[in-house]
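Student: Protein chains in written order, with the numbering used here: chain W, 1 to 357; chain R, 1 to 357; chain E, 1 to 357; chain S, 1 to 357.
Derived by calculation from the structure, the hints in this document are not laboratory data. Accuracy of the hints is not assured; some may be wrong.
All copies of an identical chain are treated as equivalent in the list; a pair is satisfied when it fits inside any one copy or across any two copies.
Said to hold, decoys possible - Pairs of lysine to aspartate or glutamate residues, derived as DMTMM-like cross-links and limited to a Cα-Cα distance of at most 20 Å, are as follows: (1) Lys267 x Glu308; (2) Lys259 x Glu200; (3) Lys267 x Glu315; (4) Lys274 x Asp170; (5) Lys267 x Asp112; (6) Lys274 x Glu315; (7) Lys259 x Glu308.
Keep in mind it's a predicted model, so treat the numbers as computed, not measured.
Number of protein chains: 4
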Amino acid sequence: MAGSSFGKQLVMTTWGESHGAGLGVVVDGCPAGLPISEEEIQVYLDRRKPGGRDFATPRQEADRVRILSGVFEGKTTGTPISMMIENTSQRSGDYGNLATTYRPGHADYGFDAKYGFRDYRGGGRSSGRETAGRVAAGAIAAKLLANIGVTVEAYVSAIGPVTIDPERFDPEEAAKNALCMPDAVAAAEASDYLKKLMEEQDSSGSEVTCIVRGLPAGIGEPVFDKLDAVLGHAIFSIGAVKAVQIGDGTDVVRARGSKNNDSFYMKEGAVAKKTNHAGGILGGISDGSDIVIRASFKPTPSIFREQETVTAAGEDTVLSIRGRHDPVIGPRASVVVEMMTAFAIADLYLCDRGSRI
Amino acid sequence: MAGSSFGKQLVMTTWGESHGAGLGVVVDGCPAGLPISEEEIQVYLDRRKPGGRDFATPRQEADRVRILSGVFEGKTTGTPISMMIENTSQRSGDYGNLATTYRPGHADYGFDAKYGFRDYRGGGRSSGRETAGRVAAGAIAAKLLANIGVTVEAYVSAIGPVTIDPERFDPEEAAKNALCMPDAVAAAEASDYLKKLMEEQDSSGSEVTCIVRGLPAGIGEPVFDKLDAVLGHAIFSIGAVKAVQIGDGTDVVRARGSKNNDSFYMKEGAVAKKTNHAGGILGGISDGSDIVIRASFKPTPSIFREQETVTAAGEDTVLSIRGRHDPVIGPRASVVVEMMTAFAIADLYLCDRGSRI
Amino acid sequence: MAGSSFGKQLVMTTWGESHGAGLGVVVDGCPAGLPISEEEIQVYLDRRKPGGRDFATPRQEADRVRILSGVFEGKTTGTPISMMIENTSQRSGDYGNLATTYRPGHADYGFDAKYGFRDYRGGGRSSGRETAGRVAAGAIAAKLLANIGVTVEAYVSAIGPVTIDPERFDPEEAAKNALCMPDAVAAAEASDYLKKLMEEQDSSGSEVTCIVRGLPAGIGEPVFDKLDAVLGHAIFSIGAVKAVQIGDGTDVVRARGSKNNDSFYMKEGAVAKKTNHAGGILGGISDGSDIVIRASFKPTPSIFREQETVTAAGEDTVLSIRGRHDPVIGPRASVVVEMMTAFAIADLYLCDRGSRI
Amino acid sequence: MAGSSFGKQLVMTTWGESHGAGLGVVVDGCPAGLPISEEEIQVYLDRRKPGGRDFATPRQEADRVRILSGVFEGKTTGTPISMMIENTSQRSGDYGNLATTYRPGHADYGFDAKYGFRDYRGGGRSSGRETAGRVAAGAIAAKLLANIGVTVEAYVSAIGPVTIDPERFDPEEAAKNALCMPDAVAAAEASDYLKKLMEEQDSSGSEVTCIVRGLPAGIGEPVFDKLDAVLGHAIFSIGAVKAVQIGDGTDVVRARGSKNNDSFYMKEGAVAKKTNHAGGILGGISDGSDIVIRASFKPTPSIFREQETVTAAGEDTVLSIRGRHDPVIGPRASVVVEMMTAFAIADLYLCDRGSRI
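This is chain W alone, in the form it adopts within the complex (with noise of 0.2 Å):
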């Protein structure tokens, strides 16, 4: 398929460029009689929403999301549910040399050798405004996860050298802040970190941490299906995804066998684990633990500096962006993180039990 779709029971099918007439997505698969509304999108749409916050970019949308299909009398039909967001802001704008220039870290010279042309309008297809039309989706599998006890969670671990301390771990802080890190003294020393690099024009790296709790054991499929390779094609097909991280992660390659070994014990009667090196999967199925998953992102590459680049002609050149743009990706993209990892549980869920829960 064209890759515009994702998903294999629960499907979403995302479009829209960053300014067309909007953005949307279909999601098919879903279970009927699912009660959802429009505000609980929203809720999630208005977490990824610029504007709101002080390192998030000026640019006022509202981001309103409409259900066009799929819902009746407030529950779900077991139909498409197509969902809208207008583009409102869209100015006719004055693009520069943006169709002509290729910007570093940009994906402008791997679209025109790929189709020939771009819509060059806000980065087109590859805008981060893309993943509107994924929150949306996610939104319904995590209302979906949450009927049957699962919740999913994201928030920001580390923005450049700045990580969060485990021990002042406080998860309705993550709300809070501007920066979503549940640790309020990490979010003030990496607000000064940020607002150094701005004077600087420049950007930071980010990572981004999502635990699933409630999954029971047995969801994911051994071979090309594993849990972990659905969820790994799902954070990396987020824009500035360069490392995929579960449970220890990159870690494991210094530890040895008989610490990261996690030993099942009897707890209450059920099977449990003493401790989670593994990140709930084992051989790519759940195993009732919690999901732990690592996103490492890279720097925003719209920087304002000069930069050295080529022209669509051949032509080397220098550009300078302008416009608007976030120093730092995480703090908007966490809620893409969580909501992919939503989906992608939710339809290896579905796959296994089937469309009727």
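Once you've looked at the hints, dock chains R, E and S against the given chain W.
Tutor: Frame of chain W; chains R, E and S shown alone:
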């Protein structure tokens, strides 16, 4: 789908368990007219064969691949290529308490939770032997890529605390030593480290690096089937992988945009990049540079030390694993990483260019 | 997948119900650079629009298609093309006892058995209006095919006992009369027949014939995705179709091999066939001749006569359907047959030739 | 995908050519715990085996199926079931001019147009022998369906001008005569007809009817994956099928709604229908009645008469086919229709109910 297939235009379907009649793979969608022989495929299978090297299990399996269909007069016909590797050394064996006890770090518990029972002989379907079929399929993909000037190469870049030194990097060395490390000094150090661990009845984690050279710009789909997303799926589908990194990987968290962005410039009439922090992928599409992937493998979970665990009947117990087990996964898995990478890239190439290359 | 998508390389996903906000479709996988406009698509939609012809329902819908994404400066960009048709005439309506009574010949009972409840307004998702999205998607496929010299044309070949006469065949006539029959005499006879049926509060079956010209030999896959298998899937997915025939269709049962085999011969340097009993497909692959498909449509199930049926509560009852209903399905469905055929063939063409045509 | 796979939750992938090492199939997605044996599968394979009956080719093949994976201690494990049938009687043979001459009514020309060359031995991949794998896969689906009370049965309903008489219908008779006709008188007449044709070096068309009993209402997806659309795909994917009919099939063209609509009524507390013109499917969803499908097979294209055709080099020529060929396809294909029907229905059932039945 049920998860034993991988790919869209070029599709492999693997089958087989560790101790059944054999293992195999069906490759569908390979263009017609590609010259291929059992001997060419066997070269790759021999790289993952146990018994040939110091730190690999002494099990002596022939692992001879047989082409059963899809090749006529030495060339692919465009129809499915079925390949089989018979299990020759399967013992009717004593599996002790493996049928009823969950090995820590393994999928046993997940299988029982998912299917109600499992083929416990040698790990059944979750055995590393399942990858034999993948390697055979990847060999065909590698031949396809070679025909268009693309090469794929994987090696072990770290074992426990021992990391290869770029200054000593020697690609031919990787084929010479038992640990597949392209650095003789590091290989010797890692060898000492593993010997010590084996005495302690323990195992080590490892890292495999894979490099794709010669891939033109424009391969990969911009949204869900980004080149990195499909590679992430492919690599995470290999057992024991806990992290996948593209280019600078987790280091991007601490990076700044001004350093992380790779500048474009014209080189002999073609677009080139001055650096390759991106690992050859921008916005999910190849940019013409080398693709650089790293996979972190956890330590072999089968260790000889006594481990705490539970039985299928829900009782705490203690398990002592016997048998043949490598103390590190990377050396034998490196060819699997290479072959999954080759297959994923060949598939995306065919999606872009059609089935008549 | 959940069944609202069709195609492999060229994929359409439809959404929407008869009486919701609107209907739409997302087309993914269309090659970049194809010139397309809303006006070109509208031509096809107008052919299935009710209200414009004698025997169609008087419902006055604008059915204006709007392209929401994937087209930039008049050309496709290679990214998903989202199209929407708003439901303008939806009445808040009185649906009488349709929520609780199963209409004979309709999917009402099946929906309740499957989903537990249903959007009963105007048939919901199973309404013929769902095909509006398919027609819009097919229009893009038709443009793609036109660019490579392939044309697709469908017309009504029979209504009840009235069949078109090959001697009077006039392709332009089909566009002139209300019944889409390429034979003015047959159209007049069928018109009289339908008037009589309407007086009797009854409806008629019909047959649509579709012809594809200019398709090169070699399209279609030899086993499960035979050209005829994919066309069969496509045409049977249109509501009310009860039979699909390729070439001589059911007549082959009484045929002999010596007559049914089409002899090959050389014609102006190219392979040609003396007859076309096969309808252009041999072994699932196009043979360069015209593809000939026929679809048998059952009589419109919504008739005004009193009918015996049951309620959702499990009681026998009598139902009288009111509202707007055509007495025959073929005339408005012919463009749907044409568009599904165009889409299926364009998809298989892209599977064979890649996404860069 | 490349077209050698069928199904979504329950997927079969066939491989193999007429004269290679063998034929096979991998079935992925079968729920765990289903008891199955090679003997049960062999029963179905024996029904399509040549040599056992008067009008079938005298080729003596054992066609013994071997289960290579996915079954442990007599039950399916949930992992892929690989099955193989070795080609025992492959002669190194003299294929005469078949490598360079296109047989009328066969796929030879299409294969060359598509792939550039082909395995011409015995028809290669387009041989009827490819269906052996389908039959083995269908046998598993049939067992799965039997477990939930669903039976599938196919027989020959017409050969040339001879049609079975409903008044003489005897299901057990179909298993007794060489032509699989459930009417001894019709079988005798058809036998005479075929003998006459064979003397004339000619062949006959035929019709196969398939009936599914016990399927609950609610199976099938409402839009593109309607139950009839998936069945149409399945049946048209069998070589030589030129028409597929559901219920009243082509007769609906002349029907009236008042007759064609099946009235619902309550029967012993359950919804039932007074007639079954619909063949058990309304709006693409099963309605609880018997599913009735008919497939029209063209006459065997391999006839011994001299036929006009062309060579691959583009010259007119005359071809005389030799070897072993049945004069009619239906009798041996009836089990293939039955098995493809069973597989398609089991797949849609699992899509609806999940993988844990």
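Student: Determine for every hint whether it applies to the structure shown.
Tutor: Hint-by-hint comparison with the structure:
{"no.": "1", "hint": "Lys267 x Glu308", "result": "between (60 Å within a copy, 14 Å between copies)"}
{"no.": "2", "hint": "Lys259 x Glu200", "result": "between (44 Å within a copy, 13 Å between copies)"}
{"no.": "3", "hint": "Lys267 x Glu315", "result": "between (67 Å within a copy, 10 Å between copies)"}
{"no.": "4", "hint": "Lys274 x Asp170", "result": "neither (23 Å within a copy, 42 Å between copies)"}
{"no.": "5", "hint": "Lys267 x Asp112", "result": "between (57 Å within a copy, 18 Å between copies)"}
{"no.": "6", "hint": "Lys274 x Glu315", "result": "between (60 Å within a copy, 15 Å between copies)"}
{"no.": "7", "hint": "Lys259 x Glu308", "result": "between (48 Å within a copy, 12 Å between copies)"}
Going through the hint list in order, the structure does not satisfy hint 4, though it satisfies all others.
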